[in-house]
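Visitor: Sequence:
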Amino acid sequence: MDEGQIQVANMDVSESKSKDLAKVLTILRQENHFVTRLTVRQLVGFGRFPYSKGRLTKEDESIISKYIDFLDLTNLENRYLDELSGGQRQRAYVAMVLCQETEYVLLDEPLNNLDVARSVQMMEHLRRAANEFGRTILTVMHDINFAAKYSDKICAMKDGQIAAFGTVEEVMDPKILTDIFETKIEIINGPYGPIAVY
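The opening residue of the sequence shown carries number 1 in the UniProt record's numbering; numbering runs sequentially from there.
Check the hints yourself; a few may be wrong.
As the list claims (entries may be wrong) - Cross-link-like lysine-lysine pairs, in silico, DSS-like; alpha carbons within 27 Å at most:
no., residue 1, residue 2
1, Lys66, Lys23
2, Lys184, Lys158
3, Lys19, Lys58
4, Lys149, Lys175
5, Lys153, Lys23
6, Lys53, Lys19
7, Lys53, Lys23
8, Lys184, Lys153
9, Lys66, Lys53
10, Lys53, Lys17
11, Lys175, Lys158
12, Lys153, Lys175
13, Lys19, Lys66
14, Lys23, Lys58
15, Lys184, Lys149
These are calculated hints, taken from the structure and not from any lab test. Just so it is clear, the structure is predicted and the values come from calculations on it, not from any experiment.
Work the whole structure out from these sequences, hints included.
Guide: See below:
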(Lines of atoms letter the chains of each structure in order from A and count residues from 1; the text may use other names and numbers.)
(Lines give C-alpha, C1' and ligand atoms only; values in the text may rest on other atoms or scores of the structure.)
Protein backbone atom coordinates (compact mmCIF):
# COMPACT_ATOMS: atom_id res chain seq x y z
CA MET A 1 0.00 0.00 0.00
CA ASP A 2 1.47 3.33 -1.08
CA GLU A 3 -0.83 5.60 0.85
CA GLY A 4 -3.89 5.58 3.04
CA GLN A 5 -4.85 3.44 5.97
CA ILE A 6 -6.54 0.10 6.52
CA GLN A 7 -8.71 -0.15 9.62
CA VAL A 8 -10.54 -3.10 11.08
CA ALA A 9 -12.79 -2.48 14.10
CA ASN A 10 -11.22 0.98 14.50
CA MET A 11 -7.73 -0.57 14.62
CA ASP A 12 -5.04 0.56 12.18
CA VAL A 13 -3.78 -2.73 10.71
CA SER A 14 -0.22 -1.44 10.20
CA GLU A 15 0.12 -0.11 13.75
CA SER A 16 -1.82 -2.66 15.80
CA LYS A 17 -0.20 -5.52 17.69
CA SER A 18 -0.75 -8.91 16.05
CA LYS A 19 -2.12 -10.39 19.28
CA ASP A 20 -4.80 -7.67 19.44
CA LEU A 21 -5.65 -7.84 15.74
CA ALA A 22 -5.96 -11.66 15.94
CA LYS A 23 -8.94 -11.22 18.24
CA VAL A 24 -10.93 -9.21 15.68
CA LEU A 25 -9.69 -10.42 12.26
CA THR A 26 -8.87 -13.89 10.94
CA ILE A 27 -7.21 -14.42 7.56
CA LEU A 28 -7.03 -17.65 5.61
CA ARG A 29 -4.52 -17.36 2.80
CA GLN A 30 -4.85 -19.08 -0.55
CA GLU A 31 -1.84 -21.29 0.18
CA ASN A 32 -1.55 -22.88 3.62
CA HIS A 33 1.49 -24.88 4.62
CA PHE A 34 0.76 -26.55 7.92
CA VAL A 35 2.60 -29.60 9.16
CA THR A 36 0.60 -32.42 7.61
CA ARG A 37 1.07 -34.68 10.62
CA LEU A 38 -1.46 -32.60 12.48
CA THR A 39 -4.90 -34.03 13.07
CA VAL A 40 -7.97 -32.06 12.09
CA ARG A 41 -8.67 -31.38 15.77
CA GLN A 42 -5.12 -30.09 16.35
CA LEU A 43 -5.37 -27.80 13.32
CA VAL A 44 -8.74 -26.38 14.38
CA GLY A 45 -7.28 -25.86 17.87
CA PHE A 46 -4.81 -23.35 16.40
CA GLY A 47 -7.79 -21.01 16.08
CA ARG A 48 -7.81 -20.69 19.86
CA PHE A 49 -4.14 -19.59 20.07
CA PRO A 50 -4.85 -15.83 20.45
CA TYR A 51 -6.79 -16.66 23.61
CA SER A 52 -5.03 -19.65 25.14
CA LYS A 53 -1.45 -19.37 23.79
CA GLY A 54 -1.42 -23.14 23.22
CA ARG A 55 -2.80 -24.14 26.64
CA LEU A 56 -6.29 -25.21 25.71
CA THR A 57 -8.97 -24.91 28.40
CA LYS A 58 -12.21 -26.90 28.65
CA GLU A 59 -13.96 -23.91 27.07
CA ASP A 60 -11.46 -23.95 24.18
CA GLU A 61 -12.05 -27.69 23.67
CA SER A 62 -15.79 -27.07 23.59
CA ILE A 63 -15.38 -24.29 21.01
CA ILE A 64 -13.12 -26.53 18.89
CA SER A 65 -15.77 -29.26 18.94
CA LYS A 66 -18.45 -26.72 17.98
CA TYR A 67 -16.66 -25.74 14.76
CA ILE A 68 -15.58 -29.28 13.91
CA ASP A 69 -19.25 -30.22 14.09
CA PHE A 70 -20.34 -27.08 12.20
CA LEU A 71 -18.09 -27.99 9.24
CA ASP A 72 -19.19 -31.65 9.33
CA LEU A 73 -15.72 -32.87 10.34
CA THR A 74 -16.61 -34.90 13.44
CA ASN A 75 -15.87 -38.24 11.80
CA LEU A 76 -12.51 -36.87 10.56
CA GLU A 77 -11.29 -35.01 13.66
CA ASN A 78 -8.61 -37.57 14.54
CA ARG A 79 -7.38 -38.02 10.96
CA TYR A 80 -4.17 -36.40 9.78
CA LEU A 81 -4.34 -33.57 7.24
CA ASP A 82 -2.34 -35.55 4.67
CA GLU A 83 -5.00 -38.27 4.80
CA LEU A 84 -7.77 -35.90 3.72
CA SER A 85 -9.09 -34.91 0.32
CA GLY A 86 -8.56 -31.32 -0.81
CA GLY A 87 -12.16 -30.43 0.06
CA GLN A 88 -11.94 -31.99 3.52
CA ARG A 89 -8.67 -30.17 4.20
CA GLN A 90 -10.20 -26.87 3.08
CA ARG A 91 -13.14 -27.38 5.47
CA ALA A 92 -10.65 -28.03 8.28
CA TYR A 93 -8.85 -24.75 7.53
CA VAL A 94 -12.17 -22.88 7.55
CA ALA A 95 -13.11 -24.55 10.85
CA MET A 96 -9.79 -23.30 12.28
CA VAL A 97 -10.52 -19.76 11.08
CA LEU A 98 -14.05 -19.76 12.50
CA CYS A 99 -12.77 -21.24 15.76
CA GLN A 100 -10.78 -18.04 16.29
CA GLU A 101 -14.19 -16.39 16.78
CA THR A 102 -13.32 -13.03 15.32
CA GLU A 103 -15.93 -10.58 14.11
CA TYR A 104 -14.20 -10.28 10.72
CA VAL A 105 -13.04 -13.20 8.56
CA LEU A 106 -11.03 -12.77 5.35
CA LEU A 107 -10.77 -15.80 3.06
CA ASP A 108 -8.53 -15.69 -0.01
CA GLU A 109 -9.91 -18.04 -2.67
CA PRO A 110 -11.70 -20.47 -0.31
CA LEU A 111 -13.03 -22.36 -3.34
CA ASN A 112 -9.56 -22.94 -4.79
CA ASN A 113 -9.17 -26.53 -6.06
CA LEU A 114 -12.75 -27.48 -5.12
CA ASP A 115 -15.16 -29.06 -7.57
CA VAL A 116 -18.62 -27.55 -8.03
CA ALA A 117 -20.30 -29.72 -5.37
CA ARG A 118 -17.62 -28.93 -2.76
CA SER A 119 -17.69 -25.24 -3.71
CA VAL A 120 -21.43 -25.11 -3.12
CA GLN A 121 -21.03 -26.87 0.24
CA MET A 122 -18.26 -24.45 1.27
CA MET A 123 -20.31 -21.38 0.35
CA GLU A 124 -23.32 -22.75 2.21
CA HIS A 125 -21.17 -23.26 5.32
CA LEU A 126 -19.81 -19.71 5.04
CA ARG A 127 -23.28 -18.23 4.51
CA ARG A 128 -24.53 -20.15 7.57
CA ALA A 129 -21.54 -18.94 9.62
CA ALA A 130 -22.33 -15.34 8.71
CA ASN A 131 -25.99 -15.80 9.63
CA GLU A 132 -25.68 -17.97 12.75
CA PHE A 133 -22.54 -16.49 14.31
CA GLY A 134 -22.94 -12.89 13.14
CA ARG A 135 -19.59 -12.87 11.34
CA THR A 136 -18.59 -10.47 8.61
CA ILE A 137 -17.01 -12.76 6.02
CA LEU A 138 -15.08 -11.32 3.10
CA THR A 139 -14.14 -13.81 0.39
CA VAL A 140 -11.90 -13.25 -2.60
CA MET A 141 -13.20 -15.20 -5.60
CA HIS A 142 -13.35 -15.04 -9.36
CA ASP A 143 -16.77 -16.59 -9.95
CA ILE A 144 -19.28 -13.75 -10.08
CA ASN A 145 -22.25 -16.14 -9.93
CA PHE A 146 -21.04 -17.70 -6.67
CA ALA A 147 -20.53 -14.20 -5.30
CA ALA A 148 -24.03 -13.17 -6.38
CA LYS A 149 -25.74 -16.19 -4.87
CA TYR A 150 -24.13 -16.11 -1.43
CA SER A 151 -23.17 -12.47 -0.78
CA ASP A 152 -24.94 -9.51 0.74
CA LYS A 153 -22.60 -7.10 -1.05
CA ILE A 154 -20.04 -7.38 -3.84
CA CYS A 155 -16.87 -5.38 -4.26
CA ALA A 156 -15.65 -5.95 -7.82
CA MET A 157 -12.03 -5.13 -8.57
CA LYS A 158 -10.30 -4.33 -11.85
CA ASP A 159 -6.64 -3.44 -12.29
CA GLY A 160 -6.18 -3.10 -8.53
CA GLN A 161 -9.02 -0.59 -8.19
CA ILE A 162 -12.59 -0.88 -6.95
CA ALA A 163 -14.69 -1.00 -10.12
CA ALA A 164 -18.07 -1.51 -8.43
CA PHE A 165 -19.36 -1.85 -4.89
CA GLY A 166 -22.90 -2.42 -3.75
CA THR A 167 -25.66 -4.90 -3.27
CA VAL A 168 -25.85 -7.95 -5.50
CA GLU A 169 -28.58 -6.28 -7.56
CA GLU A 170 -26.50 -3.11 -8.00
CA VAL A 171 -23.33 -4.89 -9.14
CA MET A 172 -24.98 -7.60 -11.25
CA ASP A 173 -25.55 -5.14 -14.06
CA PRO A 174 -24.63 -6.04 -17.68
CA LYS A 175 -22.81 -2.77 -18.38
CA ILE A 176 -20.79 -2.91 -15.13
CA LEU A 177 -19.79 -6.57 -15.55
CA THR A 178 -19.03 -6.25 -19.27
CA ASP A 179 -16.62 -3.43 -18.43
CA ILE A 180 -14.99 -5.31 -15.55
CA PHE A 181 -14.57 -8.67 -17.30
CA GLU A 182 -13.96 -7.17 -20.77
CA THR A 183 -16.40 -9.59 -22.37
CA LYS A 184 -20.09 -9.25 -23.17
CA ILE A 185 -22.16 -10.30 -20.16
CA GLU A 186 -25.90 -10.43 -19.85
CA ILE A 187 -27.91 -10.89 -16.67
CA ILE A 188 -30.83 -13.27 -16.37
CA ASN A 189 -33.07 -13.78 -13.37
CA GLY A 190 -32.52 -17.24 -11.94
CA PRO A 191 -34.40 -19.03 -9.16
CA TYR A 192 -32.00 -17.61 -6.52
CA GLY A 193 -31.34 -14.18 -8.01
CA PRO A 194 -29.38 -12.66 -10.89
CA ILE A 195 -27.04 -14.84 -12.97
CA ALA A 196 -24.30 -13.57 -15.28
CA VAL A 197 -24.32 -15.25 -18.70
CA TYR A 198 -21.37 -14.85 -21.06
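Visitor: The structure should be examined with respect to each hint, and the outcome stated for every one.
Guide: Against the structure, the hints come out as follows:
no., hint, in the structure
1, Lys66 / Lys23, "holds, 18 Å"
2, Lys184 / Lys158, "holds, 16 Å"
3, Lys19 / Lys58, "holds, 21 Å"
4, Lys149 / Lys175, "holds, 19 Å"
5, Lys153 / Lys23, "holds, 24 Å"
6, Lys53 / Lys19, "holds, 10 Å"
7, Lys53 / Lys23, "holds, 12 Å"
8, Lys184 / Lys153, "holds, 22 Å"
9, Lys66 / Lys53, "holds, 19 Å"
10, Lys53 / Lys17, "holds, 15 Å"
11, Lys175 / Lys158, "holds, 14 Å"
12, Lys153 / Lys175, "holds, 18 Å"
13, Lys19 / Lys66, "holds, 23 Å"
14, Lys23 / Lys58, "holds, 19 Å"
15, Lys184 / Lys149, "holds, 20 Å"
Going down the numbered hints, you'll see the structure goes against none, and every one checks out.
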